[in-house]
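One-letter residues, chain by chain:
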Amino acid sequence: MTSAMVLSALQVAAAGPAKRLLTMGPVDWVIVVIYFIVVLAIGFYLKKYTSTGEDFFLAGRKMTAWIAGLSFISANLSSLETMGWSAMAYQYGMLGAHAYLIGAIPAILFLAVVMMPFYYICKTHSVPGYLKLRYGEGSRALAGISFALMTVLVSGASMFAMAKILKLLLGWDIHASIWVASLTVAIYVSLGGLVSAVFNEVLQFFLIWLGSLLIPILGLIHAGGWRAMMATIQENVKTIHPTLPNADFTRLWRNLGSFETNPMGIDWFGMIFGLGLAVSFGYWCTDFLQVQRVIVAKDLRAAQNGTIIGAVLKMCVPLIVTIPGLLGLAVLTNLDGSPMVLVPESDPRANITHQTFNDVLPLLMGKYLGPGLLGLGITAMIAGFMSGMAGNVSAFATVWTYDVYKPLLVRNASDQHYLNMGRWCSVLGVLLSIGTAYLLFAFSNILEFLQVLVFFFIVPLFGVVILGMLWKRTTPAGGFWGFLTAIVFSIAMWCFVHWFPQGYQPQPRIMLDPGTVVSLEKTRDQLAEKIAKVVVESGVIRTTNVAIPVEIKDPSLPPNSRRIRMVRAGQLVIQDTATLVGSYTRGKDTTPVQVLAPEVVVSAAPGRETGKFGIEGVPVVLKPGVQVYAAEVSQRFNPAAFNPDHVRYIARSEKAKPMAVNMYSAFWTLLVSMGVAVGVSLFTRPKPEAELANLVMGLTPIPREHGVPLLYRPRFWAAVVAVVLVAINIVFW
Amino acid sequence: MQSEHQVPIWLFIGVVLLIYGVLIMGVGLNNLAVPSQVQIELQKSWPDAPWLFLHADIWWGALMIALGAFYCIRFNPWKSNR
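Quick note, the sequences are listed as chains A and B, same order. Note that this note's numbering has the first sequence beginning at 771, numbered continuously upward. Note that this note's numbering has the second sequence beginning at 207, numbered continuously upward.
Careful: at least some of the hints might be erroneous.
If you anchor each label on the Cβ, the simulated ranges turn out as follows [as the list claims (entries may be wrong)]: (1) A:836 to B:235: 31 to 41 Å; (2) A:1425 to B:240: 52 to 62 Å; (3) B:236 to A:1038: 52 to 62 Å; (4) B:221 to A:1190: 25 to 35 Å; (5) B:258 to A:1009: 45 to 55 Å; (6) A:1464 to B:284: 23 to 33 Å; (7) A:1212 to B:235: 26 to 36 Å; (8) B:221 to A:836: 15 to 25 Å; (9) A:836 to B:240: 36 to 46 Å.
Derived from the structure by calculation, the hints contain no laboratory data. Treat the numbers as computed from the prediction; the structure is a model and nothing was measured. We treat Cβ as the ideally placed atom computed from N, Cα and C, and that holds for glycine.
So here's chain A without its partners, still in its complex pose (with noise of 0.2 Å):
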C-alpha cells in the first residue's frame, strides 16, 4: 500500500458518521439569513463613506476606544477559537485559561501602555511600516510578503476547519459554506475597507457573546454551581482521563512544577517565558492583524484605552471558552448516567463510537439550545469564524498595497489606484484562502505546518520590534538579520523535533473497508462489555506498519512442519487463518495496534447489522479470502510526531508535550532574534538620532497623563486589569 492509500484510510476513520450532532429549524434557518442580509447590507452602506486610502486602509483613523477595542478582541475571537479552546479545557481543565489569562493580558497592557505611542505618533498604517521607518526596506519587505503570506494561509486553514466543523455539526456542504461565508467577507471588505471590517466586528462581537453565554449560564445552573461542577470534576476525570487519576483540572499553576504533573506536559517556565512572555508578546504586540484595528483610532488615548478595553474583554473570554469545557467534563452524561467520555482525534474510537474534543461546545449546544438560541448560536460560530477572516482579509489588503505593492511594484501611483487594489487584493486575499483550504483538503498533513507558522514570524517580528522601540542603538542591519536570523532559526528548530534520523514508524493500524464482515469476541468487566478479539470473516483491510503471518508452502518440509512468513508490505489474499498480534514491544516500549472499523458488517448481530468500532490492543483473526493490502511506513521527518530525543534539547525534558516545545520553542527564538539584533548592532553603524524621531523611546514626545482625569489615564486602566489579573491567579492558583 502506498502513503497515499495510507492517508486516505485514514480520512475515511477521521470522517467519521454521518450522523449531524446539530438539526436546525426553520427559526434558526431565519436568524442565520438574517446575519448574511445585515452584513452585506453594512458593507453596501459603508462603500460611499471609503472614497480615499485612509478610509479604505485605516478606517480614516476616526475609531473611538470602544469600537476599537471590541474590534480589537472580535478579530482574534474566531469560532476556531472558542471551539478549540473549549477542547482544551475538556482536555487540560483550568490550564486552558492560561491562554487568556498571563497569554494575553500582560502582553495586551503592555502595546497598550509602551508600544502603541510610538506606533500612533509615527503614524504608520502597518507594522511593516514601522520596520521601515526604523530598519529600512529591506526589513519592511520581508516583513510585508512573510506577513502577506502567513495571513493568506492561515485564513486558508481557518476556513478548510471551519468547514469541516459545520459539517460534522450541521451536515452542510464543504463546498457551499466555504464559498457563502467568504465570498460575504469578500464583498462587504471590499466595499468597505476597514471600517465595513471593523463595523462587523463589532456586530459579530455582539453575536458572539449573546450566542454562547447562555451555555455557561445553563450548564452552571444544571452542575449546581461552581463548587458543585469542580467537584464533579475531579470525579469524573477518573473515567474521563484514566491515565491522569491524579491530576488537578481546577487550579491555574498548582501542578506546573514538573512535566510530569499536569496534562498539558509543560512547566512552569515554559508557561511564563513560553506563552506568557514570547508567543504572547509577539502576537498581541506585532501582529498586524490584531495591532491594525486599534493604530486607526481617533487619538493615541482612544487607542490605548481601546487596546485596554480589549484586554478586560479577553480576561472574560474563559465565561465562554474554559468553563463550556469544564462543563463537558461536569454535564455531559451517557443514557445511563455515566460521565460522557470524549477523546482526542488520534484515538481510534474518534468519530466512530465516541465523539471528540472539539465536539465539546456543539454537544452543549446540542444539550442546551432549543429552536431559535440554536440559530443564535450557529450565528455566533459563523460570525467567529468571518470576524477572524475578515481581519486576516483587510490587514492582507493594506500589507499587500502599502508594503509590498508600492515600495516594490509601483511606486508612484494614484490614491484612486492605491485603493483601488486594496479593494481587488480584499477579494484576492479571499480566493488566495479559498485556494489553500482546498489544498489542505488535499494534503491535510500540511494543517501542522500551518498551526506554528505565526511562532515562525511574528516571535522574530517581536523581538527586532521592540529593540527598535526602546533601544536607539539598534542599527537597520541588526534589525534585518535579527528578524532574518530568528526565522530561520525558529524553523530549523521545528524541523529538528519533528525529525527521525533513525526512522518514525507510525502507529501500527489495521483499517477494515466499509462492508467487510466480522465477528466479535467480548469479555465484560465490571464497568462494561469490551472487545476481545476480532475475526475477520470476509471483505478487505488496510494494514500499516502490521506483520502478517503468512504459511509457505514448501513440499521438502518434513509432514507437520509449518513455515511462516513475516509480510508488511505488498498486496495478498489470505490462504490459512491468521492472526495478528494486538501490540508489538520494543525494548520497554509496548505499542497496541490500532483497529479501525468506521461501517463493517457484524455477523452474530440480528439481521447482520451495520456497526462501527474503534479499538486497539486486541488480536485480529483475518480468515482465509480476506484480502490485504499491507503498506509499511517509516518516515524521516513527520510533522505531527515529536522526537523525544529531540525534544529534550528544546524544552529540557524528553516528557515534554507538543505544546511545552511550542513555547519554548518561541522562547528560543525571541532569545536568538533579540541577541543578533544586538550582536550585529554593536559592530554596525546606527541611524542618526534625527531620522529616529517619534520612532524611537527617548526621542519620541510621548504625550503626559497630567491634567488628564484619572478615568480617562491608559496607565490607571492598565494597573486596575493588572491588579485583577494577579487576583484571578492568585484565587485559582
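Given the coordinates of chain A, assemble chain B onto it according to the supplied hints.
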C-alpha cells in the same frame, strides 16, 4: 467613528438584537404550549429543573429585546437630527 450623516454601528446592532430577541422570545412563548425536544430531554434528565432553566429562550429573548431597544433609542440618528 461615523461621519456626520453616517448611521452609527450601534443602531445596526440594536436593530439586529431587537429582531433576534423578538424571534427567540416568540419561539420561547410557543414552546410553553408545545415544548421543544431539547426541553423534553432536559426535563427527563432533571425533573425538578427550574422554570428559568427550561425556558431560557423567553428571558434571553426578552433580554435581547431590551438591549436592542436601548441601542435603537439611544443611537437613533433621526432623533438627534431633529
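So, going through the hints one by one against the coordinates:
Against the hinted window of 31 to 41 Å, the Cβ-Cβ separation of residue 836 of chain A and residue 235 of chain B comes to about 34 Å, which satisfies the hint. Separation of residue 1425 of chain A from residue 240 of chain B is about 56 Å and conforms to the stated range, judged on CB atoms against 52 to 62 Å. The given range of 52 to 62 Å is respected by residue 236 of chain B and residue 1038 of chain A, whose C-beta atoms sit roughly 53 Å from each other. For residue 221 of chain B and residue 1190 of chain A, the hinted distance range of 25 to 35 Å is satisfied, since their beta carbons lie about 32 Å from each other.
Range check, residue 258 of chain B to residue 1009 of chain A: Cβ separation about 31 Å, and the 45 to 55 Å hint is violated. A beta carbon spacing of about 42 Å between residue 1464 of chain A and residue 284 of chain B contradicts the range 23 to 33 Å that was offered as a hint. For the hinted restraint 26 to 36 Å between residue 1212 of chain A and residue 235 of chain B, the CB-CB distance of approximately 49 Å leaves it violated. In this structure the supplied range 15 to 25 Å holds for residue 221 of chain B paired with residue 836 of chain A, their Cβ-Cβ distance being about 19 Å.
Taking 36 to 46 Å as the suggested C-beta distance range, the pair residue 836 of chain A and residue 240 of chain B conforms, at roughly 41 Å.
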